[in-house]
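2 protein chains.
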Amino acid sequence: MSTTSKLVTFSLTASDGMARCGRIDTPRGEISTPAFMPVGTAGTVKAMYPEQVRETGADILLGNTYHLMLRPGAERVASLGGLHDFMDWQRPILTDSGGFQVMSLAKLRKLTEKGVTFKSHIDGSAYELTPERSIEIQTLLDSDIIMQLDECIALPAERKEIERAMELSLRWADRSKTAFNNQQNRMLFGIVQGGDDAELRAKSAAGLKSIGFDGYSIGGLAVGEPQDVMFRVLSDITPDLPWDRPRYLMGVGKPDDILGAIERGVDMFDCVHPTRAGRHGHAYTRFGVINLKNARHKDDHRPLDEASPNPNCRRWSRAYLHHLVRTEEILGAMVLSQINLAYYQELTAGARAAIKAQRMTDFAAETRAAWAAGDLPVL
Amino acid sequence: MSTTSKLVTFSLTASDGMARCGRIDTPRGEISTPAFMPVGTAGTVKAMYPEQVRETGADILLGNTYHLMLRPGAERVASLGGLHDFMDWQRPILTDSGGFQVMSLAKLRKLTEKGVTFKSHIDGSAYELTPERSIEIQTLLDSDIIMQLDECIALPAERKEIERAMELSLRWADRSKTAFNNQQNRMLFGIVQGGDDAELRAKSAAGLKSIGFDGYSIGGLAVGEPQDVMFRVLSDITPDLPWDRPRYLMGVGKPDDILGAIERGVDMFDCVHPTRAGRHGHAYTRFGVINLKNARHKDDHRPLDEASPNPNCRRWSRAYLHHLVRTEEILGAMVLSQINLAYYQELTAGARAAIKAQRMTDFAAETRAAWAAGDLPVL
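Going down the list, the protein sequences come from chains H and L. Each step along the first sequence adds one to the number in the UniProt record's numbering, with nothing skipped, and position 234 is 234. Each step along the second sequence adds one to the number in the UniProt record's numbering, with nothing skipped, and position 151 is 151.
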């Protein structure tokens, strides 16, 4: 596959061991990698204005095909000018293919060679999602980076079942490539499946490479397996992927998952965790995760982290944040979502700088040591 | 009462009929009147950052003694530097006395001459609120404008019951004045009670004036009576209040309540309505109130109000706002709270300008005509 006429391109700027630093250039702006993509499930990153997402340092966000096809509907988004105008986020957007949420959320799913039919978890109405329809939806949304439809299964699973889903995903990859029709203003990513089986993962990667994609996603992880299994799969698979294409680990994860995956050669991440954890009163900081609901904070006049570059970590006392969480005030969800997204961006920005400086190992060790040292002592 | 050494002062700058334009100068900043005060019930204006509240044009916000005494507690707020630092709102704050919420929210209330004992609606723990304790709490919160404890009763009510509550409120006013001890950096407001009875209202106002307060609140309205009754009470009572003191109509209201009250000589307002309505998908605009949940908006590419000075009214389609409301996204609550608070500020700013220009009657008529004309025709 030639990318010479592509308007969306990837280039590596540095590497350190397996870890890579690069950028994706798009007509809507540049994405520095390793990149964390906040999740804007239904056309909004929950509890955040678009400009606040950008101010955390995010270059790109993720939209969910499944959620958007149900509400407000892909054709409606297109008639309103596409997802960027709809939500007023004028920078790049990556969309998933819908397959993962169909499997995890929809009711009465039926999977065939052609695709998947399912009923909406909202109102029970029937939909069909095929590789072709998924590309069509993502094109209607005007996504900048499009995913093939795949079948993602939970782990642990029987090898035969993992293999069947991987083979189906490969055939869908081929159909997705055809349906995508080499649009120059977007990237299309294939998705490596194969569960925790190294041989099946390698076979999936080889199949995708022979089809040829603009980037390679790693799916079917963070679906129930321990972190060491995930890391082993990543260590096995990234050497099989083209060096000059971005690698995206789907739906991952907590900060230590991301750090370990960067060390294993992953370039892109998304996860609902930072915003969901924020809505539940958890703050990610250089001290690790802090549960602000805990009574230890109720009289604590200290800021969350007085050395943080993020003003929201410095302007209020822990007692105030505790109060917001305990009283279930929306501002608590807003502030903690912002704090967590900013911390994720601080982490990936730190990794980028470390890779450029050839000190990724030290950066990872220092970061883990700070997490392990834990929070400030109780006041 | 002398106010010569007060650090918080009120001055009138213009009047037009009964309507007045003025300002309150405080060490924490100036408050232009007529003023609408957003309600920061539990130390946050719901779904708004403090700077977003300020950007709508608010000079002052209201904190609720009842909510804050229960959580996080007045002594705790004081030990954390006062309410302004606690929530990081460095401009003036007015606090109510707690009486209204004790009556409307608390469990097992018991009212005596001394004060009111009650159990928290949150955890059932017991509290006592007296005129002296209410002043103490509001001083601990470091409020800039303090209310006396009063007894507020719902309408309709028997005259005898209205009179009893009004007389008790007057005695509590006297004790509040003594407990307040003429603090120079705050104002103390007495509260006119007397229900819908002109004679009792006049008696209440006379009693308060003879005690002498920095400002006069009008309580016991918007408690079940029709708007014309409220307006009649206001028309009767404001001429009885000192011309050189601010008048504050407590807990009111919708935009047309506020407009009518300004015409009747009221200077200050607070209400949870704009933020609560926002959380329920209602937007206040120059077209009147718009229910964004309504399906008429689902394909509407037009902004809420393209001529609004508020960017949030122009940046997204009605279809997007409809989508946020339908999917119950927090951003919907955030944006509509902001839009409503900004509209309330636009309304009071418009009234101030009209009073200065001696065209309040025209401004009120034009505003009401625009509301009556209603929303844009369905697309």
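The reader is advised that the hints may include incorrect statements.
The list cannot tell twin chains apart, which means a pair is met if one copy fits it or any two copies do.
Derived pair list, reagent style DSBU-like, types lysine-lysine, alpha-carbon separation capped at 30 Å [unchecked claim]: (1) K293 / K203; (2) K107 / K293; (3) K160 / K356; (4) K356 / K203; (5) K209 / K356; (6) K114 / K46; (7) K119 / K293.
Please keep in mind that the hints were generated in silico from the structure rather than gathered at the bench.
Status of the hints after comparison with the structure:
Taking the shortest alpha-carbon separations for K293 and K203, neither the intra-copy value of 47 Å nor the inter-copy value of 49 Å comes in at or below 30 Å. Proximity of K107 to K293 under the C-alpha cut-off of 30 Å is restricted to the inter-copy arrangement: shortest distance 26 Å between copies versus 34 Å within a copy. Neither within a single protomer nor between protomers do K160 and K356 lie at most 30 Å apart by alpha-carbon distance, with minima of 42 Å and 81 Å respectively. When the C-alpha separation of K356 and K203 is checked against a cutoff of 30 Å, the pair qualifies neither within a copy, at 32 Å, nor between copies, at 79 Å.
Within a single copy, K209 and K356 get their C-alpha atoms as close as 28 Å, which meets the 30 Å cut-off; across copies the closest is 74 Å, which misses it. Taking the closest pair of Cα atoms, K114 and K46 never come within 30 Å of each other, the shortest separation being 34 Å inside a single copy and 48 Å across copies. With identical chains, the CA atoms of K119 and K293 are at most 30 Å apart between copies only, with a shortest distance of 24 Å across copies and 37 Å within one.
When each numbered hint is compared with the structure, violations occur for hints 1, 3, 4 and 6.
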